[in-house]
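Residues per chain, in single letters:
Number of protein chains: 2
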Amino acid sequence: MSMLVVGSVALDSLETPFGVREDVPGGSATFFSTAASFFGPVQLVGVVGEDFPAEHVSFLQERGVDLEGLVRAPGRTFRWKGRYGFDLNEAQTLDTQLNVFGEFRPELPARFRRPDFLFLGNIHPELQGRVLDQVEARPRLVAMDTMNFWISGQREKLLEVLARVDLLFINDAEVRQLAGEHNVVKAARKILAMGPSRVVVKRGEYGAVLFEGDRIFAAPAWPLEEVFDPTGAGDSFAGGFMGYLANGSGDVDHESLRQACVAGSTLASFCVERFSLDRFRELSREEIRHRLEAFGSLTRFRELPATLR
Amino acid sequence: MSMLVVGSVALDSLETPFGVREDVPGGSATFFSTAASFFGPVQLVGVVGEDFPAEHVSFLQERGVDLEGLVRAPGRTFRWKGRYGFDLNEAQTLDTQLNVFGEFRPELPARFRRPDFLFLGNIHPELQGRVLDQVEARPRLVAMDTMNFWISGQREKLLEVLARVDLLFINDAEVRQLAGEHNVVKAARKILAMGPSRVVVKRGEYGAVLFEGDRIFAAPAWPLEEVFDPTGAGDSFAGGFMGYLANGSGDVDHESLRQACVAGSTLASFCVERFSLDRFRELSREEIRHRLEAFGSLTRFRELPATLR
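Here the protein sequences come in this chain order: A and B.
For the working numbering, add 1 to where a residue sits in the first sequence, where the first one is 1.
For the working numbering, add 1 to where a residue sits in the second sequence, where the first one is 1.
The following label-pair restraints were derived from C-beta to C-beta distances:
{"#": "1", "chain 1": "A", "residue 1": "His183", "chain 2": "B", "residue 2": "Asp215", "range": "35 to 41 Å"}
{"#": "2", "chain 1": "B", "residue 1": "Val136", "chain 2": "A", "residue 2": "Pro306", "range": "25 to 31 Å"}
{"#": "3", "chain 1": "B", "residue 1": "Gly196", "chain 2": "A", "residue 2": "Gly20", "range": "33 to 39 Å"}
{"#": "4", "chain 1": "B", "residue 1": "Gly196", "chain 2": "A", "residue 2": "His255", "range": "40 to 46 Å"}
No wet-lab data here; the hints were simulated from the structure.
Every residue, glycine too, gets a C-beta built ideally from N, C-alpha and C.
Next up, chain A with everything else stripped away, as it sits in the complex (with noise of 0.2 Å):
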């Protein structure tokens, strides 16, 4: 099935307790693409500047990603550099430059406009919405992110996309600014109360938890002896999540997005054990497969005989 993701095409500079990094590949739409890319084709919209390396661009086509709807525009390339402690859950940004992503007004190419599946990336709220506006028939699945900034500063505009929309991929930190509350799971419902019918809850090292109604799913992070560039985590997982369920049997019920988030949990695991996309750019099949197989006997248990007093 189809599946379109409109986001942040960008050139990160990092720096890690594990090295650092200048101008590498990122972006929201960079990770979710590359990571759904495992399970199938993906179209892309999104913008870079005149500086953005031609050999960036061939990665994305050779693994399948549609570009029709990357714009190169007149400038550089969005950019954005980030820290990380040994506490590699928590990026600090030292600075962001928007360059053409500032102009960005995301416009779907014909062939774009009645995607089965549908990612909207952490862009502006309204730029969201305008993505909506030019779809043609309702995508099986949509699914957004966002961010703190967004959050407090588009509040408006962030609620009224949100209403429009089947699931939400969030982390933590997020979920309590958004919903105005600190116990996670009463934050997330009160998300189920504002428009999409499922909350993803990203949590980092911890793991990810669906929200669907009265039924909560926890899935671990897979258990990574080397964490070297947590940036593109979530979008990878993201990413994940919907390759999976754009690519099998193509429902959305609630043991397959169960799935999608093992699939989702597994490709953020690859995508943080190297730099920006090095890791997915030698992942092969059998070691997504492997993983994918592994999440298994990690959680799994014999149900508990019940020899209570």
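Starting from the known structure of chain A, fit chain B onto it as the hints suggest.
For chain B alone, kept in the frame of chain A given last:
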């Protein structure tokens, strides 16, 4: 099978965003034995002062805790005063008065010297070693807990006792500190090389992870909408874990330990729903059975069909 716990019995004073309590029952042996008592009998060794209210003693007795090893010494009971903010994962200690606990030298009554299961609560590692010296037959499982205070101040003694036990319960921050390694997976593997063949890393609201050889099991915490007081959660986890093992087949194979993690997580989840032991006072077998079963639906997913490109 028989189970023995040696640890603290305390009077806690607590401040949380949800209220204040003074001189309520606390201590590692108290929470452990109460949680374990839902599965079967427990023998307790500890010390209280002359001021320890008879009603707390009666409560433990009514729950089937054998208190022949609970000494009443001249002086005041061990007191701990702590505060939690909205981030209930970490306590701020406001005051510690060791009182009679400062002179505690655990002596096992003759009847208590052949336990099948032994839990060494968080006390001075030298005392934990003294308990092991008094045990006359190798238990099926010896588990211990510890804390940052002993890791930094009594490292040598701690490593000595660690080499004599089968399982270490330890929290996130402490496993990092003990192993001198930030990555939790690597840290746990280092501990496995120090003696215990199993390590259970307790991660508060994120659950617990069992490490045994190369096998890893991740148990989520039960998703609670109300967390009132996290005090005792770790000891209640250990109590549920060990109580489950001691009162089933008595096996300590890997599958049983996975189930024990779920039992531990279940008892810990009840503990934090009220202050001190209050939730355990009204907790029914049916409630425990229901939550044990519901853990299955929280974590289970169908095997993923591998449809990779």
